[in-house]
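Chains as they are written, first to last, in our numbering: chain Y, 1 to 112; chain Z, 1 to 110.
Check before you lean on any hint, since a few could be wrong.
Below, computed lysine to any residue pairings styled on SDA-like, alpha-carbon distance capped at 25 Å [claimed, not checked]:
#, chain 1, residue 1, chain 2, residue 2
1, Z, Lys-45, Y, Glu-82
2, Y, Lys-13, Y, Asn-55
3, Z, Lys-45, Y, Gln-26
4, Z, Lys-109, Z, Thr-61
5, Z, Lys-2, Y, Gln-44
6, Z, Lys-45, Z, Thr-105
7, Z, Lys-45, Y, Phe-102
8, Z, Lys-45, Y, Asn-55
9, Z, Lys-2, Z, Tyr-51
10, Z, Lys-45, Y, Glu-75
11, Z, Lys-109, Z, Glu-56
12, Z, Lys-2, Y, Thr-99
13, Z, Lys-42, Y, Pro-70
14, Z, Lys-42, Y, Phe-64
15, Z, Lys-42, Y, Val-19
16, Y, Lys-13, Z, Lys-2
17, Z, Lys-2, Y, Thr-20
18, Z, Lys-42, Y, Ser-7
19, Z, Lys-45, Y, Gln-41
20, Y, Lys-13, Y, Glu-82
21, Z, Lys-42, Y, Thr-20
22, Z, Lys-45, Z, Arg-76
23, Y, Lys-13, Y, Val-112
24, Z, Lys-42, Y, Asp-85
25, Z, Lys-2, Z, Ala-67
26, Z, Lys-42, Y, Ala-87
27, Z, Lys-42, Y, Phe-60
28, Z, Lys-42, Y, Glu-100
29, Z, Lys-45, Y, Gly-3
30, Z, Lys-42, Z, Ser-32
31, Z, Lys-45, Y, Thr-5
32, Y, Lys-13, Y, Thr-99
33, Z, Lys-42, Y, Ser-27
34, Z, Lys-45, Y, Tyr-50
35, Y, Lys-13, Y, Thr-110
36, Z, Lys-2, Y, Gly-56
37, Z, Lys-42, Z, Val-13
38, Z, Lys-45, Y, His-29
39, Z, Lys-42, Y, Val-112
Since the hints were derived computationally from the structure, they do not count as laboratory data. All figures in this text were calculated on a predicted structure; none of them were measured in a lab.
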Amino acid sequence: ETGVTQSPTHLIKTRGQQVTLRCSSQSGHNTVSWYQQALGQGPQFIFQYYREEENGRGNFPPRFSGLQFPNYSSELNVNALELDDSALYLCASSLDRWTEAFFGQGTRLTVV
Amino acid sequence: RKEVEQDPGPFNVPEGATVAFNCTYSNSASQSFFWYRQDCRKEPKLLMSVYSSGNEDGRFTAQLNRASQYISLLIRDSKLSDSATYLCVVNGANAGKSTFGDGTTLTVKP
Numbered sequence: 001e002t003g004v005t006q007s008p009t010h011l012i013k014t015r016g017q018q019v020t021l022r023c024s025s026q027s028g029h030n031t032v033s034w035y036q037q038a039l040g041q042g043p044q045f046i047f048q049y050y051r052e053e054e055n056g057r058g059n060f061p062p063r064f065s066g067l068q069f070p071n072y073s074s075e076l077n078v079n080a081l082e083l084d085d086s087a088l089y090l091c092a093s094s095l096d097r098w099t100e101a102f103f104g105q106g107t108r109l110t111v112v
Numbered sequence: 001r002k003e004v005e006q007d008p009g010p011f012n013v014p015e016g017a018t019v020a021f022n023c024t025y026s027n028s029a030s031q032s033f034f035w036y037r038q039d040c041r042k043e044p045k046l047l048m049s050v051y052s053s054g055n056e057d058g059r060f061t062a063q064l065n066r067a068s069q070y071i072s073l074l075i076r077d078s079k080l081s082d083s084a085t086y087l088c089v090v091n092g093a094n095a096g097k098s099t100f101g102d103g104t105t106l107t108v109k110p
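Put together the whole structure using the sequences plus the hints.
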């Protein structure tokens with residue numbers, strides 16, 4: 001059974017650019033959640049996808065968007081990058097919407 | 001006020017000590033609760049779920065108090081390897097929103 005994998009692991013982008021981060025969920029999991037974690041803080045919930053539909057969203061602007069595919073893998077897209085978007089982006093998958101989530105190793109995004 | 005609040009610590013304890021962390025939450029309709037640990041620059045890893053009846057896993061005990069809206073984590077006989085940041089997670093009344101606390105840092109010293 002493979003765990004949650006994210007790509008890329010590190011990324012450097014310029015302010016104003018767009019970025020796509022990818023996540024493969026754990027086998028059998030239909031729910032994927034995305035988080036942003038700044039240094040010294042807990043992960044902040046961006047949104048959750050359940051069976052290809054957005055199921056909940058945190059306080060992030062519309063330039064943060066996502067997709068979930070039929071195989072339950074997922075993408076996080078961020079448009080018009082800002083310096084404050086520099087953070088660790090974590091993806092977590094779970095069997096269902098309320099159950100415990102398992103995290104990938106994260107993508108460290110730096111915006112310069 | 002934050003939806004989920006934790007004492008940031010740091011907690012510095014000697015090996016063998018017992019240490020307890022609390023986490024309070026504001027939404028009384030929250031559905032499920034978890035503790036995760038996170039090592040420096042790594043992803044959070046599930047430590048345990050938290051049930052109303054309380055649950056224990058080896059040296060770790062988690063409890064939920066719905067009336068007072070807090071969850072707790074007790075670590076007995078602390079090991080050096082327990083040094084990490086401990087994060088509590090509260091899942092909302094409407095499925096699809098997980099709220100993390102900012103974490104409590106534990107350092108266990110020889």
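What are the numbers of the hints that this structure violates, sorted from low to high? Violated hints (numbers, rising): 1, 2, 13, 16, 17 and 32; every other hint is consistent with the structure.
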